[in-house]
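Sequences are here, hints too, so could you generate the full structure?
Here is what each chain is made of, one letter per residue.
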Amino acid sequence: MAEKQIHEQSLEELYAEAHEHTINVGDVKIHAKRMGGKFRNLKWASNFLWLIFFIGPYLRLGDRQAVLLDIPNRQFHIFNLTLLPQDLWMLSFLLLFFAILLAVVTALAGRVWCGFFCFQTVWTDVFTWIEDKLEGTPAKRRKLEKSPLNAAKIIVRAKKYALWFLIAFLTGISFTAWFTDAYDLWVDLFTLNASSTVYITVSMFIVGTIFLAGILREQTCFWLCPYARIQAVMIDDTSIVPSYDVSRGEKRGRLLKGKPASEDQGDCVDCNQCVAVCPTGVDIRGGQQEGCIMCGLCIDACDAVMEKINKPAGLIKYASWDGIMGKEELPLLKRPRVWVYGAILLISILGVVLGLSGMESLELKVLHARQPLFVIQSDGTIQNRYTMKVLNKMNEDIRVTISADDGDGDLKGMIVLGAEKEIVATHGTVTAVTIFVKVPRKNLTEKSQPITFHVEGKDSAGELYQSNRESIFIGPKR
Amino acid sequence: MSENNPFPDEGNTGHIWDDNLRELANPPPNWWMMAWYASIAFIIGYVVIYPAIPLFDSFNKGEVVEGGVIKGGITKGVTGWTAIGEYKADLAIVEAVRKPYEDKIAAMSAQEILADDGLSTYVEHSGKVLFGDKCAACHGTGGAGNVGYPVLADDDWLFGGTIEQIQTTITNGRKGMMTAHAATLSEAEIDTLASYVVGLSEGKTDEKGKALFTSKACFACHGMDAKGMAALGSVNLTDGIWRFNEADLLASAKQTIAHGVNAAGDTQTRNAEMPAFKDTLSEADIKKMAVYVYKFGGGK
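Residue numbers (the numbering used here), protein chains in the order written: chain D, 1 to 478; chain R, 1001 to 1300.
What the hints contain is simulated information worked out from the structure, not anything from laboratory work.
Positions of the beta carbon are idealized from the N, C-alpha and C atoms, including for glycine.
Be careful, since some hints might not be right.
Said to hold, decoys possible - Chain D side only, calculated, beta carbon under 7 Å to chain R, not exhaustive:
1. 129
2. 371
3. 372
To be verified - Each computed DSSO-like pair below joins lysine-lysine, with the alpha-carbon atoms no more than 27 Å apart:
4. 1300(R) to 421(D)
5. 308(D) to 389(D)
6. 1088(R) to 1076(R)
7. 389(D) to 1278(R)
8. 421(D) to 1128(R)
9. 438(D) to 1227(R)
10. 447(D) to 412(D)
11. 1204(R) to 477(D)
12. 1104(R) to 421(D)
13. 1204(R) to 447(D)
14. 438(D) to 1300(R)
15. 1204(R) to 412(D)
16. 389(D) to 1300(R)
In structure tokens, the structure reads:
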């Protein structure tokens, strides 16, 4: 039996069930009514974005996974880009970018992340959709909850948990697949050859997904999620959020047949449908509150009722508090917050762009030996020992030569030992080479003098790669 | 007691003081009871799976177990797991990785190891611990040397700096010898000789000193050119490298000439002895150390 949508229900029917939809105070499980509408469609659309999470690991690029966060080998492959631990500083800029993006979106349009994109919201939405399809309307679900355990209840519950388990399992697998070869993962998993890390991760995802999305649901947003706690400081009177138009709606009152509305009665007919459809069970008419994830489903519900009673839509709408109160709203570009957030966003994204564009395929790091800093040789020369670390980020091993340069000739008579031969720089890792530099003691003018090392090599296509690194040459006290 | 309980319906224990102060018999909260039963279940599971109850002689008390005798307490646990067993298994993995290298090192000469890029790199990385354990206390990290203990990173060697000579030095140890000259030389002669040899290392010559160096037969050990002889372990006096007290070269040279090195019966003599490592290190380890020291940059 298909659930009747709000559009199809009469006002009397709505009043009859209104008492069932209580505000969420944590004592009873929230069973939200599901209905179609603009925001409902938007929510499905944003839900589908998460398919990338499930499908992404199976994309291939050549003979490897297109996106592979290879932690054991300390390499992140993102399509053609290979990131090594040395590039990790870019991650801090990326995290900054997303943190500020979250703040700026919240400041302007409320908890868009919570309402549409958050995995907790999306998974809960899908899980309750399954529940709705299997167990029926909220009324039926509440009845089922109270009914004693019998065969029918066990069967329907088993079906529900089986589907939940399937989704949770796929969630775990998909998460793991970003970190290891996705195709091998499936084979290894079922031939019991996967590592214990894989089994533990997948099991934890199964338990976590069912518990958080199936059982805790909106309680996670209420009591667990820190973002829900800090959003209050991000939203101000100018933020566009789902709001109840108090001046238009109040004084609320039921519209009863054959009885004209009183003079001071507002447009809110107190049908409680905004509470009924709310996935977190809050009453938006009470104003903006921590439980509201700003998904706009109450707007869909209210608009349907307004249409039914021939009133204009938008008693609940996306509006700022200033807008609701009839105050003049500052244009976006005149708000200092927009500029500050924008500047930080720009800086952080510039950091990532600069980092990516400045990435050298061949990098040289030089470690001057600390013990001993220098050695006096029997012929009176001073010898310094260096460890060259050649980082090759290309996809092939290349032969490189290392040379040293004393700049303006401060290290006269310099001899470089250990760099005579070409060195094979293995790709995707660091190749270490020991180099000795000797300078006659009499030619040294300072205790410490700069020296520049240079590495260069050609790849199979004949393109030249090179890198420089400055270090110091240390001698005895003058 | 129950017949004069003034609070009969609240489920108290019947212990009542001071008219109304009483002990109730409330059960612990549900979550607490669940945690309690879960703990019991955990302990039972643990005892079944892992070795438990270490009494009497039933467990390894940290001793080295030869032949894999691993005791796991009174109850062994169904899995047979023990901490020492896990440690040994981990060690076996490490040793399996090292084995191909170690086998090659055992079969090759130090010279061959040095010539092999892969093996010498292996030694350079794995030798650090061994060097730190056995050598660095005297010779310093990285062969930096200490007062009285030669720098290993330079190219000045008392007993020769070829890979074989270094290997011999580590295997058998070294004890250089210089006689004390306090009895045979006058103080003035010692002064002259001391300033002569210090001058040599700075590129100066001094006819008087040279004559004394020849007439007192210093050349017998240090050579006519005063550059020392590896076979005797006599020091090269012409380079700028001094083993004992570099702060006051002249005073240091005087003391060495007067009291010698390892001179028997002289309490002020220089003590300079390198112990033999043939009993404490395996032959392969000695080869490794020879290569490691050679690669400090001074090997010849």
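Query raised in the report: Which earlier hints turn out false for this structure, listed by number in ascending order?
Result: Violated hints (numbers, rising): 1, 5 and 7; every other hint is consistent with the structure.
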